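Visitor: This is what each chain is made of:
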Amino acid sequence: MNELVMALGWLGIYAPMALGAVASAIGCAIAGQASIGAMTETDGGYGRFVGISAFPSTFVIYGIVIMFTLNREVTPENSPGLFGVGILAGIAMLYCGIWQGRACASAINAAKEKPEIFGLALAPAAIIEGFGVFAFVFALVISGGISG
Amino acid sequence: MSDRDAYTALVCSLPNSERLFIAKKPPLSRLRLDSRLKALTVADAEVLARLEHVLSWNEYAVDITDAVALKRVRDALKVIRQPALRKIVHERMEMRTAMSALRLRRDGLAPPAGAFGFGRWARHIPAHWAESCFGLGAALPWLKEAQRLIESDDPLALERHLLDTSYLMLKRHAARHQFDFEAVAIYVLIWNIFDRWAQSDASAAARRFEFLAHAAMAQLGDIRFEGEPA
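Residue numbers (our numbering), protein chains in the order written: chain A, 1 to 148; chain B, 1001 to 1230.
Chain B on its own, in the form it takes in the complex (with noise of 0.2 Å):
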């Protein structure tokens, strides 16, 4: 058999990617990917394994700076030889490199000079830093949502539209690969995106609460405790 079949039976093992939006409950935990992750070569493990240190958000320090997060993709696509693989990782780091710099515009910066970020942007958004979109509203549809979202101060909507591209980037290269080795890796980084989806629930979950907490303490000073004078 081919590559092209080389993992049916792990992924004919985990649940449909898109099940795992709509599911009540997470169908398929972490600790259960990575034990079916297991059926991948060594090699195959590696190059997933540094497809995620790139990717996922939780594998970056707060305070990492631009250069050591730039090494860090080149260093990665050295070991990324699958092209569907290098396109979304390029594809990320250019969203990534969008993002950052509609942050720094918001926050009143000027451009930074030479090449900013990853991408075939690079030298494109610091030329064209007062534009809208930075004049890639065509190129990159998904900005203008942002750049509005950015605008208006909503975080949390922001990260459901972030979430939301990277998914249907996703998708779109998913439906090129099936039970090869690029589907496997898709499949996780989808997976990763309906993890920080779900923790995106949670710290709203959580803002909420800390709103609930504050009202009620601030609510405290009207209490009186029986015995206390008036």
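Pulled out of the complex, with its shape left as it was, chain A reads as follows (with noise of 0.2 Å):
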């Protein structure tokens, strides 16, 4: 039972390193897809539409700070809490990671045809980055409460 238990400690650990890769590839992906796409329609402009793409990145590098800080000696205590903040964290990061890829393909479909709304386009997309930041930002304040 304990190698179980230990087993789903380790993996809280490493969750939000993975969810969050996975959520910057399909994010990237996606945005950078609408990037390829609006390329061909307009005639400038292309280091935005690439530079948006590259927004939900972020989600991996707060997967990495939350795998840092949650790594430490594993023990049958102190497993069950590193399981449910990384798991959680990293659903969190996962989710936000998708949706962040489809606002900015969403953004980058619309600032191609009127450019002034360019700014105003990614608003949706920085909000949905302040939901992973709040998800990154108390997964660290909840982890200095586990024990190790």
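In short, the hints are calculated from the structure, not lab data. Fair warning: this is a prediction, and the values are worked out from it, not measured in the lab. Ideal placement from N, C-alpha and C gives every residue a C-beta, glycine not left out. Treat the hints with care, as some may be off.
Calculated cross-link-like contacts (lysine to aspartate or glutamate; reagent style EDC-like; alpha-carbon spacing at most 20 Å) [said to hold, decoys possible]:
#1 B:LYS1038 <-> A:GLU41
#2 B:LYS1171 <-> B:GLU1018
#3 A:LYS114 <-> B:GLU1018
#4 B:LYS1171 <-> A:GLU113
#5 B:LYS1087 <-> B:ASP1075
#6 A:LYS114 <-> A:GLU3
#7 B:LYS1078 <-> B:ASP1034
Computed far set for chain B versus chain A, every beta-carbon distance over 12 Å [what the hints assert, rightly or not]:
#8 LEU1028
#9 ARG1160
#10 LEU1163
#11 GLN1178
These stretches of chain A come out as covered by chain B in the derived footprint (C-beta under 8 Å, 3 or more residues) [what the hints assert, rightly or not]:
#12 51-62
#13 123-136
Both chains are sitting in their own frames, so use the hints and assemble them into the complex.
Guide: In structure tokens:
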């Protein structure tokens, strides 16, 4: 039983990093495809499109930081805490990354014909980033209470 | 990535559908549209072809019978599995059914026996043949204006009204689909409406040209050529 509990602890440590990487990969792929499509339709502003499509890459960075914060000697006592914080933070990163990719794709699609709305079109993606930051910061705060 | 993001690049490579109607020249030719649509999978391309085969007037011969047209719709619905696209087919065919009934009634024909056309109102329309808008004024709000235009014999305005109504129906469905196959299919259908819109302008221009040509020819009798006896 202890082995299973400790395995969950390790899962919790690595989950934010793995799920953050998946989130960034999917989010960047969605937004990246949108930027490629927009480039075929427009005559300029390519750099901005590529820049937006890299927005979701932050989630893997948050995941790495959470992973290092949670990284400690895994014991049966602290494994449930590591698992709970790590998995839930990872899921939050995953959803934020995917949906931020979609929000970026929409922004690119709208801004390709109306460059003047470029900044405003990024507002939904920025708000999603804010939710990701909440999950990140409070994962760091709450991990301080886990023993070890 | 899921199906909802399947055609992100394709959708972003198309000009905004609203631009189709305000641009002075077409922002996207059919040739270029077809070139972009090569990104579709074989299965999706087949569904789109069926959809256009059913909904585009260009795909119908002038002498096509009701039975053949209805069979074409039913065959297409066996292939079209996407709920939004099926709904679009139903809505458009119901629209055509109501318009066809209005034209028959204008020509003084008796109500068809049994079901007429396609969709929810196939039995309702013959049963309410004498009523204004077949009693469907509330269910089909666009029908009242269509009835007025058909009675005032204004085919161009009627065509515009029907294109407007079809466009608004498609935009309503488009709001729920952004980067998936349905979004691409709806875009193509809107492009087809734009195409017919542009063609209706060409038809109006042709009619105007014919009128002016007739007027000019009518005055030919007054022209006296040099050396011609008075």
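Visitor: Quickly compare the C-alpha distance for LYS1171 of chain B and GLU1018 of chain B to 20 Å and report which way the hint goes.
Guide: Holds: LYS1171 of chain B and GLU1018 of chain B sit about 10 Å apart, inside 20 Å.
Visitor: Please work out if LYS1038 of chain B and GLU41 of chain A have their alpha carbons no farther apart than 20 Å.
Guide: It holds: about 16 Å lies between the C-alpha atoms, which stays within 20 Å.
Visitor: LYS1078 of chain B and ASP1034 of chain B: Cα distance at most 20 Å?
Guide: It is violated: about 24 Å lies between the C-alpha atoms, which goes past 20 Å.
Visitor: Compute the least Cβ-Cβ separation between LEU1163 of chain B and chain A, then decide whether it is above 12 Å.
Guide: The claim stands: LEU1163 of chain B keeps its Cβ more than 12 Å from every Cβ of chain A (closest is about 23 Å).
Visitor: Are the Cα atoms of LYS114 of chain A and GLU1018 of chain B separated by 20 Å or less?
Guide: holds (12 Å)
Visitor: Verify this for me: three or more residues of the stretch 123-136 of chain A with a beta carbon less than 8 Å from a beta carbon of chain B.
Guide: It is violated, with 0 qualifying residues against the three required.
Visitor: According to a criterion of three or more residues whose C-beta lies within less than 8 Å of a C-beta of chain B, is the stretch 51-62 of chain A covered?
Guide: Violated - the stretch 51-62 of chain A has 0 residues with a Cβ nearer than 8 Å to chain B, which falls short of three.
Visitor: Between LYS1087 of chain B and ASP1075 of chain B, is the straight-line Cα distance small enough, at 20 Å or below?
Guide: With Cα atoms ~15 Å apart, LYS1087 of chain B and ASP1075 of chain B stay inside 20 Å; holds.
Visitor: Under the criterion that the straight-line Cα-Cα distance not exceed 20 Å, is the pair LYS114 of chain A, GLU3 of chain A satisfied?
Guide: violated (57 Å)
Visitor: Hint check: LYS1171 of chain B vs GLU113 of chain A, CA-CA at most 20 Å. Holds or violated?
Guide: holds (18 Å)
Visitor: Please confirm whether ARG1160 of chain B is truly not at the interface, meaning its C-beta sits more than 12 Å away from all C-beta atoms of chain A.
Guide: Check passes; 25 Å lies beyond 12 Å.
Visitor: Is the nearest Cβ of chain A still more than 12 Å from the Cβ of GLN1178 of chain B?
Guide: Incorrect as stated: the minimum Cβ-Cβ distance to chain A is 7 Å, not above 12 Å.
In this structure, the hints that do not hold are numbers 6, 7, 8, 11, 12, 13, in rising order.
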